[in-house]
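**Student:** Sequence:
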Amino acid sequence: MADLSQYTLPQLYELQKEVSTRIANKQVTEKHATLVALRQLAQERGFDLHELLGAAPVAKGGKPKVVGTAQYKNPADASQTWTGRGRKPQWVLDFLANGGELDTLKN
Numbered sequence: 001m002a003d004l005s006q007y008t009l010p011q012l013y014e015l016q017k018e019v020s021t022r023i024a025n026k027q028v029t030e031k032h033a034t035l036v037a038l039r040q041l042a043q044e045r046g047f048d049l050h051e052l053l054g055a056a057p058v059a060k061g062g063k064p065k066v067v068g069t070a071q072y073k074n075p076a077d078a079s080q081t082w083t084g085r086g087r088k089p090q091w092v093l094d095f096l097a098n099g100g101e102l103d104t105l106k107n
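So that you can map any letter, position 21 of the sequence shown is 21 in UniProt numbering, and since no number is skipped, the others follow by simple counting.
Please keep in mind that the hints were generated in silico from the structure rather than gathered at the bench. Do not take every clue at face value.
No more than 35 Å apart at the CA atoms, straight line, and that leaves these computed lysine-lysine pairs for DSBU-like [stated by the list, open to error]:
{"no.": "1", "residue 1": "106", "residue 2": "65"}
{"no.": "2", "residue 1": "17", "residue 2": "31"}
{"no.": "3", "residue 1": "17", "residue 2": "106"}
{"no.": "4", "residue 1": "106", "residue 2": "63"}
{"no.": "5", "residue 1": "63", "residue 2": "73"}
Start from the sequences, fold in the hints, and give me the full structure.
**Tutor:** Structure, rendered in structure tokens:
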């Protein structure tokens, strides 16, 4: 494992953000791969996966959802980020209400 003591605090926050994004993406990918493998195993043995699990059918296909990367960062707290999708977080609303420009929050 890498020696993190050499990193500055902002570098560690950036690394933390990157690791969190990669973990979330990996979870989605692994979950999808596991579901595909379970469906295949059930089918090979003559069962329907939903029948075995007693669950309602889930929509097939589609790509796994990928978590977006942060596009905006709170200048007062680097651990607070926003992808630019969905509702604006309170810290963005507060920044804009105080006359700030959204572009200044861009990474």
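**Student:** Each hint needs a verdict: does it hold in this structure or not?
**Tutor:** Structure-based check of each hint:
no.: 1; hint: 106 x 65; result: holds, 24 Å
no.: 2; hint: 17 x 31; result: holds, 21 Å
no.: 3; hint: 17 x 106; result: holds, 15 Å
no.: 4; hint: 106 x 63; result: holds, 28 Å
no.: 5; hint: 63 x 73; result: holds, 28 Å
Of the hints listed earlier, there is not a single one the structure fails to meet.
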